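Asker: Given chain A, put chains B, C and D in place with the hints provided.
Residue numbers (UniProt numbering), protein chains in the order written: chain A, 1 to 308; chain B, 1 to 308; chain C, 1 to 308; chain D, 1 to 308.
Don't take every hint at face value.
Identical chains share a label here; the pair holds if one copy fits it or two copies do between them.
Subject to a maximum C-alpha distance of 20 Å in a straight line, what follows is the list of computed DMTMM-like cross-link-like pairs (lysine to aspartate or glutamate) [said to hold, decoys possible]:
#1 Lys-190 with Asp-166
#2 Lys-109 with Glu-285
#3 Lys-127 with Glu-163
#4 Lys-190 with Asp-130
#5 Lys-159 with Asp-184
#6 Lys-286 with Asp-86
#7 Lys-159 with Asp-136
Derived by calculation from the structure, the hints in this document are not laboratory data.
Please read all numbers here as calculations on a predicted model, not as lab measurements.
Residue-level listing of the chains:
There are 4 protein chains.
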Amino acid sequence: MPCRTTDELNELVHEAKKYTDGGKVADYIPALAKANPEELSVAIFHDDGSCVSAGDIQQKLTLQSVSKVLTLALALIDYGEEAVFDKVGYEPTGDPFNSIVKLEFSPSKPLNPMINAGALAVTHMIKGNDSDERFDRILSFIQELAGNSSIGYSQEVAKSEYETSDLNRALCYFLRQHGVIDEDVEELLKVYTKQCAIEMDCLDLARIGCVFAMDGLEPVTNRRLIPAHVARLCKTFMVTCGMYNASGEFAVRVGIPAKSGVSGGIMGSVPNRFGIGILGPALDEKGNSIGGIKLLERMSAKYNMSMF
Amino acid sequence: MPCRTTDELNELVHEAKKYTDGGKVADYIPALAKANPEELSVAIFHDDGSCVSAGDIQQKLTLQSVSKVLTLALALIDYGEEAVFDKVGYEPTGDPFNSIVKLEFSPSKPLNPMINAGALAVTHMIKGNDSDERFDRILSFIQELAGNSSIGYSQEVAKSEYETSDLNRALCYFLRQHGVIDEDVEELLKVYTKQCAIEMDCLDLARIGCVFAMDGLEPVTNRRLIPAHVARLCKTFMVTCGMYNASGEFAVRVGIPAKSGVSGGIMGSVPNRFGIGILGPALDEKGNSIGGIKLLERMSAKYNMSMF
Amino acid sequence: MPCRTTDELNELVHEAKKYTDGGKVADYIPALAKANPEELSVAIFHDDGSCVSAGDIQQKLTLQSVSKVLTLALALIDYGEEAVFDKVGYEPTGDPFNSIVKLEFSPSKPLNPMINAGALAVTHMIKGNDSDERFDRILSFIQELAGNSSIGYSQEVAKSEYETSDLNRALCYFLRQHGVIDEDVEELLKVYTKQCAIEMDCLDLARIGCVFAMDGLEPVTNRRLIPAHVARLCKTFMVTCGMYNASGEFAVRVGIPAKSGVSGGIMGSVPNRFGIGILGPALDEKGNSIGGIKLLERMSAKYNMSMF
Amino acid sequence: MPCRTTDELNELVHEAKKYTDGGKVADYIPALAKANPEELSVAIFHDDGSCVSAGDIQQKLTLQSVSKVLTLALALIDYGEEAVFDKVGYEPTGDPFNSIVKLEFSPSKPLNPMINAGALAVTHMIKGNDSDERFDRILSFIQELAGNSSIGYSQEVAKSEYETSDLNRALCYFLRQHGVIDEDVEELLKVYTKQCAIEMDCLDLARIGCVFAMDGLEPVTNRRLIPAHVARLCKTFMVTCGMYNASGEFAVRVGIPAKSGVSGGIMGSVPNRFGIGILGPALDEKGNSIGGIKLLERMSAKYNMSMF
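The following block holds chain A by itself, in its conformation from the complex:
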């Protein structure tokens, strides 16, 4: 049974919160470093539109790597599976999230769309006449998925990330050297850093998770927002590569499609049941929200969430 009462969820958050001590907030950009490491909040969005939440649900988070799933969906809608997987691979990697260039590449292309090199190749494919138009398409798509047209992005975070993007710049020039991308690198980075800085709260995130849980249908209205095969493909990558190089352990312990970001956000999709949005800025050494993972482990056991 899915959680329907706030009390129950509050208790689970309370328990999981103890573990936030062991983590630390991402500090590579000032905007992320300001987050409160003790925070932990969660929202659950059911397919009937009802929702439950716990913690400071007003608090906003930037999507960071969570956005990789959403641009993947958009690129698949725009170009189809064959074109996208001509540019990125399908395979998970056991390497850490801060692994340097080689480890993100098979001989000719990025290993998968969830690592930075692969996500940059995917964003490269987003259609539009210039970087503004391309970003607007991504933002509109995300607003539609969340059913919330007020979603925007943090200029402060985008600017800060753009200015500290040398590793991603290196990846981009590698991609260009290998013919995976052929555009101006700075333009691509502008789109990519804005996409990472898109800002929402846990409820928005849970609602997007619910769209994936419902194979692309909008909760309540059942309007199709994403083709079913695209939604399912995205969930497959969330299972095999969604939690950096802890994806294998997460599949064992939690067993749901999920994607994390260094802001401490996690978007989860429990197939045919509900979406989950979590914010817990204290990260473990693999880059995942330490409280968020503990919370999902407890939720998975209690609500029998695992697909496996």
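Answerer: Then chains B, C and D, alone, in the frame of chain A:
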């Protein structure tokens, strides 16, 4: 709907068979090299005990890497999750199946139980007073899972593999150097090469697949053969690492827990529905049955098998 | 005895020329691809100023990687050993010249100043108010070493390399990410690509080699152009890393400090005796002039050139 | 001028000794762990047979990796250059001495004869009917080089290393898998661990170093013990790979052919002048005698020892 008619299955096999041209049989040991590359057979075992098959279903196969899932289940039953994952990790690797030692190790232990280093660490844990007793336990467990006490092993294949095991020997000494195993390496290799040489037909394999599909219950009788959490854990590894470094692509294209071996065998489990046993000795460059994969892609589309 | 007669040298070139069939010219930029693969020319410059040559000695070559030794000397003069080796390491690498980023880095800095990442870090150190001034300093230094103020650079080659520099751009952003460099990457690449495009003939190259052979003294005049310890340090790197990942074999077969470039140039220094300049555009698979190496093997045997 | 007075040498040792604090003795086998980390002794053996020493010159050391140079010389005498380099490569590697298997291999053979994998391939080539005979040949050769027939080996160290050889066992099985060796691995390890346990004092070591310094001639008598081209080839490897992955820096700072071992021994050869034997059990993080390296740096500066 699962397949219930032989005609339908025959047609799918007929189509998939065309692709066997592009593969070649494993040739590193003589016994495997003798297999017929054009062969392709399949059995489906439903949870009610009914079964359907196509191709030369009498033909036997040795388990090879398929056995890794079964010893993992046995070790988990014997020692529990914590003890097992103290010795092997959870994470998939994007590296090829013939990758050399380094690529199978994180700093301190094998990356996962589906690669050779990890499987050797798991077999090391199987209880017994000597290598004969330990192998007998594995064999009995497998006979029970298949409901077939006549299952044995090929002495020819076991002997041949034992004699050409230098790569696995190197892995074992690495494991011992790192304190992952502490037994006599030759004893361990005796158990391991026999386990890889366990011989059965596709129907046996499908029936074992069905036990995992039913979370550890014996089909028909519903007797528990494997604890549910162990069966589910094994299926998780089949999804994330079951098809060598094509596991990510297989998850996208087929979407079921499955494990392949270099004999051309594939064991599949469609949760709550049926088990699949396939034999197709022609392998693709990643070591998976080329006809078997094509067949599973068609079956997945036709019978809506994907978990995702 | 060093070679003093043209006939002898002509014969050695004639023999070595047969091997040029087995190589091919660098084709990654158009300007290099136009070179004649059958060409092989050599000049020897003795410490008394006398010289001998064979082949089409008028033919010019661009320095390419040969320039790495010369900027290393200049950076050592400007900043001293400690500052330079704070930015690059000392160790040779067994990896191929086209190895990707990871292989050029130890945890924190480029492995040595002869690989691209290390050479870029060295050029970063060259003093000057802007990229033009910095390049002018490099060019003046090289003109002085060669005793030839007419040496310039090929604008065509520099432009062509600058436009196809994505791999070096990736390396630069890596360097900046790791704090090894902190300047504008395009400015650095402008200096670096011009430095690689500096153009001279074999006699110029042999004369520069002779300066190093004489521990930094100008031949004939004995005026000091490079401090002795700097010249010796450069020769050490020429021995351990001068011929890409064939340096070890070159040390065994030829045994002299030498540096090659993908234009097919090789600069050699026979300590206290003479300098060598070679042009042979056909390269072996490791990126060294195939005819040049064969010629040096024969010269080393005949003139007892090896230091070992 | 070479050092001829004990006072001078005593002073250099005294200075270098201060650095032994920063290192620690090898502790992977008990016999080595017992060494005194504060010890530092040195002997110089001139080509005229005169010698100077400082420190506790009576103290014995086991050769460990220093033996790799000597078996390389013997294998080259037995089989010639072509046969030996069919089994091992020429190239240095920037990887640490404790790097695992992959890093010691190029696609098909060990990178060079100074790393463990390469040294095992070399010892594999030593002629003899059984492991005893092969070891006796190595020992006799070394006794002859040192002009000391009382040199033996430490049974305690050999036994201890044999029993903790799992990493080398793993390397051996790798070598056998790749067809580099084809003998019984335990026999090879018996020879290899005894060779590493050959015991002598610094004076013996200095005398062997002097033989190499004199291109293979016995000091005083000028009798040829090693063909000149073999002695020179060995010295080349001592320069490019003799000090583990500090060889590049050692070439810059000291500039002589030298080989170190984890016992804290270093054998040096100053071409045409003298041999050096050092014992200083405290090692730096790369596995070289920390006091020994400091001492050689001072000696190199004072006596102008560098080849470069």
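Asker: Now look at each hint and say whether the structure bears it out.
Answerer: Hint-by-hint comparison with the structure:
1. Lys-190 with Asp-166: Intra 13 Å, inter 19 Å, cutoff 20 Å: intra and inter.
2. Lys-109 with Glu-285: For Lys-109 and Glu-285, the Cα distance is within 20 Å only across copies (18 Å; inside one copy 27 Å).
3. Lys-127 with Glu-163: For Lys-127 and Glu-163, the Cα distance exceeds 20 Å both inside one copy (24 Å) and across copies (26 Å).
4. Lys-190 with Asp-130: within (10 Å within a copy, 27 Å between copies)
5. Lys-159 with Asp-184: both (18 Å within a copy, 18 Å between copies)
6. Lys-286 with Asp-86: Between copies only: 18 Å across chains, 28 Å inside a chain, cut-off 20 Å.
7. Lys-159 with Asp-136: For Lys-159 and Asp-136, only the intra-copy Cα distance (17 Å) is at most 20 Å; the inter-copy one is 36 Å.
Comparing the model with each numbered hint stated earlier shows that hint 3 is the single one that does not hold.
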